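Residues per chain are reported as follows:
Protein chains: 2
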Amino acid sequence: MRYQLYYHPSIQGRGEFVRLALEEASADYVDVARRKGGAAAMMKIIDGKRTARPPFAPPFLKAGNLIIAQTANILFYLGPRLNLSPRDEAGRLWAHQLQLTIADLLVQIHDTHHPISSALYYEQQRPAAKRSAEYFWRYRAPKVLGYFERVLQANGGKYLIGGRLSYVDLSLFQIVEGLRYAFPKRMKRFERKIPGMIALRDRVANRPRINAYLASKRRIAFNEWGIFRHYRELDG
Amino acid sequence: MRYQLYYHPSIQGRGEFVRLALEEASADYVDVARRKGGAAAMMKIIDGKRTARPPFAPPFLKAGNLIIAQTANILFYLGPRLNLSPRDEAGRLWAHQLQLTIADLLVQIHDTHHPISSALYYEQQRPAAKRSAEYFWRYRAPKVLGYFERVLQANGGKYLIGGRLSYVDLSLFQIVEGLRYAFPKRMKRFERKIPGMIALRDRVANRPRINAYLASKRRIAFNEWGIFRHYRELDG
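In order, the protein sequence lines correspond to chains A and B.
Mapped onto our numbering, the consecutive letters of the first sequence carry residue numbers 127 to 362.
Mapped onto our numbering, the consecutive letters of the second sequence carry residue numbers 127 to 362.
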């Protein structure tokens, strides 16, 4: 099966959580919108006139005739197929539950720089963003990242789920990388509170396929159009 | 199977999307935290010391030994069991994808009154809330509700998916109800743009079990502690 991933061609964004899974599994996939004409093909599917079940937004995955949207939904589908999640129903639901909690966290990270509206530029909501980032780091980050640290430690410290790598581990790697990029000063202070997650981040980064992917041109660099953005004044 | 639903006892919130499904299916369920000692039992599970796979937050559902959290994940699990979703994989993923898009919308509705932080009172972020509500209604609401209107119409106008009621229809009923409560003036102007969804709302409200539920004490009234809150100054 050759998978077709559709996502914005110039940011990591939500597509990155899917890319990491496909890369770790060495799956046969095309990052469609990064190819010539691909962005137009993506918009045609979103526009929905010729699609029975149109996605609301990217990322979405074409797998044969199936079009699946919503990042966590894509990973739920891919998990057992890429050997990156448990196969039993209870295990799949648990992995998905953790992934949805990561998705919620991601919205809150995005909202540190865009608290009022995505239709406005950052510069048009800077004072609100400063407060939002402040409260995110005071309450939300410790609560959510502390939760994942507890789940990880309760499972022995090596993986989030069972005795094998899952897409949830890959996603938490991305969360740590993104927070380091966006908030280097705050993260430097914060990381001692999540030693398990930092060690997990290192193990994921050192996996041969992930390591090769991160060094390749396929990995888009973080930038100020994505979810994780670095604005010095938000970094405390 | 007697399901045990755990959710905050005094708001509709995210729990309501699960309640509507359980009620429509006439499922055997207990709304645990609304019973004596139930809120403490809920916190004990969240606290996680005695739970192998602790939820991050309510709502969560106990089904036998399984504990499932994240609203959309609960509905994904319940769907085929309550006869409220397709049974084939592609259909279940499609229903779930729509539900996750509703979940995203719900965050944005919540953020109209709490754009900066949930750790602050509404009164501490009122100017930001006014801008947030304004932009929500200018861009986000038309885009997301317009998407669901198109999906509904493309499917014949009666249900979102196939030829039968699903939990997604019940959830969209709740979205319309909530928006009417929170933004009566704006909704009055907006509803002509989503005639299919309004007709769907009426059909759902008139289903015998939903109708009985809405008239019962089990239906908590909307209030200013939930996701849908009425503040006159946000209503345009």
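Quick caveat, the hints were computed from the structure, so don't treat them as lab data.
Incorrect hints may have been included.
If several chains are the same, the list does not tell them apart, and a pair holds so long as it fits within one copy or across any two.
As the list claims (entries may be wrong) - Below, simulated SDA-like cross-link-like pairs (lysine to any residue); rule was C-alpha separation at most 20 Å, straight line:
no., residue 1, residue 2
1, Lys-170, Val-302
2, Lys-256, Ala-245
3, Lys-175, Arg-161
4, Lys-256, Ile-346
5, Lys-269, Ser-136
6, Lys-170, Ala-245
7, Lys-269, Asp-173
8, Lys-314, Gly-362
9, Lys-256, Leu-246
10, Lys-170, Gly-272
11, Lys-175, Glu-249
12, Lys-284, Ala-178
13, Lys-256, Leu-208
In this text, all values refer to a predicted model and were calculated from it rather than measured experimentally.
Those earlier numbered hints the structure runs against, lowest number first: Those not satisfied are hints 1, 3, 4, 5, 6, 11, 13.
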